[in-house]
Amino acid sequence: MAERAQPQKAQDKLAFLLSLVPYLMDHDRVSVAETAAHFGVPEEQIRDAVRLISVSGIPGETASYQHGDLFDISWDDFEFNDEIVLTNLVAIDDSPRFSAREAAALIAGLQYLSALPEHADRAAIASLQSKLSRGASAVPSQVAVEASETDDTLRLIREAVEHGVQLKFDYLNSRGEHENRHVDPLRVESVDADWYLRGWCHLREAVRTFRLDRISDPIVTDEPITHGATDVTLPDTLFEGSADDLLVTIDVAAGAEALLADYVPDGATSTIVDGRVRTTVRVSHYHGLKRLIASMPGVATVVAPPEARAVVAEWAAAGADRYR
Amino acid sequence: MPPASSAARIPVEERLFSLVLALLATDTGLTKNEILSTVQGYRQKFAHSGDNSNLERQFERDKDDIRDLGVPLETLESPGQAGNNQNLRYRIPRGEYELPADITFSPEETTLLNLAAMVWREGSLSGESRRAIIKLRSLGVVTTEPVLGYAPRVRVRDAAFEPLSSALEKHVIVQFSYLKPGEGAPRLRTVAPLALVQHQGRWHLYAQEPESGTTKTFLLRRIVSPVTITAKAFPPPAADQSERALAELEEVWRSHTATVQVEPGSDAATRLGKRRGTVAAASGDLELHYSDANILADELAGFGPEVLVISPPELRDAVRDRLMRTAADHG
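Listed in order, the protein sequences are those of chains G and C.
The opening position of the first sequence corresponds to residue 26 in the working numbering, with each subsequent residue numbered one higher.
The opening position of the second sequence corresponds to residue 76 in the working numbering, with each subsequent residue numbered one higher.
Think of the hints as simulated: they come from the structure by calculation, not from any bench.
For each residue, glycine too, the CB sits at the ideal point set by N, CA and C.
It cannot be assumed that every hint is accurate.
Said to hold, decoys possible - Not the full set, but computed from the structure, chain G residues with beta-carbon under 7 Å of chain C:
1) Ser44
2) Pro121
3) Arg122
4) Leu135
5) Leu138
6) Gln167
7) Ala169
8) Asp242
9) Ala319
10) Thr326
11) Trp340
12) Ala342
Let the sequences and hints guide you as you build the complete structure.
Pasting the structure below:
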């Protein structure tokens, strides 16, 4: 479940250089491998950075970057032993502060964690927040997350992950059927107000995504998991495709496409038709589709196939009939 | 060799790194001319007699990029030369650049911060967190436990988040088109951003209208145009803006209640029954809290015949109209 490596921007590379130098200063001699492991980056990235640092410095008195105005390393150690030893230091003494937005992002993340049972140590979190504020170069931006209530299902999922065992629960699928599921839990994600469990489903023998609010009677079993986080690649989209999926053509208001992003298959194209975006979504059956479309009235309309349009029309009309 | 081609070999990060080193090393500051003519990455492109306006623009962008990282790049006026832009001096004061020595993080705290950074699944907060963690690792603290594969991940979908959080940091006025719930057409808004808060899973902008001085809350989801960041600054507000915003939203949420009838055993019964604050009456009807009637109406319409709204009447009408609209659009 390795994260995809993102191409680094020059700004990120600068932040990395400014962070790497103080780390190397604190370690008289450290291997490239250890440094790479510590920062969680490929070894070659460390070597590139060290090469750049070793030719960098300040213009100096002569304004011409004389030898003593540059960082220097022990080249023998670097080239033959893959070790880093700084032999001349310039300008930098210590680690940089966090930016206001960096501190704010971590603080908002801490606020999220504080809602979870295992991180309920509010005093520790408050002390960390104040350290981050003081360690930022400006007052952290005002970004905050509401303290949500502790969800018991989340606690049980965490427990199952910790013990490497399967979670068993009753799941109400979007067709309205109750099913007993055994799942190897892999990750919990939330989108807006909705929480999802992503895991290996033993009933479907595939990765599946479950809404937490459709899970009832969760039980931590003593059956070990068969698929762990390192064995399975979770797709970036929330919902997994299968060969039996139905493709549906939809018109959606410009600007609202993002709301359907999880349902749009890879490589789908979109065109503009009458000022709306026409695209394709993938659904496992029309029961999920009718709920999705009815929750976006006026925003999304099914164009084809006709059976899908009929299912949506019937669902909405049955709802409207209740108000007669 | 012409200057342009030799300069092309200097990567951007080397130029930025050299600029930070040069400005950290100076106490009195360097003038723009000194920087452009001597600092690695600029000096190769510098024309000693000629037009350096491209290079000057590059320097302006670089300053912004460096400040974005939280590096306090200062501008000083040269003594006796106030108002002369060519003689402005630039430097990075060490005390404001370096993490104060008394701020340390224990291995346990470092583990917790690593988890906090993993919360943000994508978007602006995820990039900012990643950078913060790189700086944290600079301190060399070795964590006691490996970062667990388990952390809840949060997706921030709203495109407005990134520009608004940038405007929030710079204390500048922003403009955007906002489709107010219940209104048919968007209107252009000009506001001073005060806080970004997540309430009931949705991101809100808490902002002040400069003319009236009144504060308003905007749903990021309903910002329908790109956000324009103006150059007009406003004085930094008091530090409790996000608490105030959350308190106001909570009050609105608490004071709005709807009563709905749900089909027993249905998806609506299961999911609405588990919402925060939902109370089931003896009759089986559910009493829900909500912040925005239009958002709740969309959500309830999705349940089709599984839900019948009893009250309030506006919500009942809104859900019925939505269902009729969807039925008509697909007829």
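Cross-check of the supplied hints:
1. Ser44: Because about 4 Å separates Ser44(G) from the closest Cβ in chain C, which is inside the 7 Å limit, the hint holds.
2. Pro121: 6 Å, holds
3. Arg122: Interface hint status for Arg122(G): holds (5 Å vs cutoff 7 Å).
4. Leu135: The hint holds - Leu135(G) has a Cβ within 7 Å of chain C, the shortest such distance being about 5 Å.
5. Leu138: Cβ of Leu138(G) sits 6 Å from chain C, so the hint holds.
6. Gln167: Gln167(G) check passes; min Cβ-Cβ to chain C is 4 Å, inside 7 Å.
7. Ala169: 4 Å, holds
8. Asp242: It is violated, given that the least Cβ distance between Asp242(G) and chain C is near 12 Å, above 7 Å.
9. Ala319: Hint on Ala319(G): holds, closest Cβ of chain C at ~5 Å, below 7 Å.
10. Thr326: 5 Å, holds
11. Trp340: This hint holds: Trp340(G) lies near chain C, its Cβ roughly 4 Å from the closest one there, short of 7 Å.
12. Ala342: 4 Å, holds
In terms of the numbered hints stated before, the structure departs from hint 8 and from no other.
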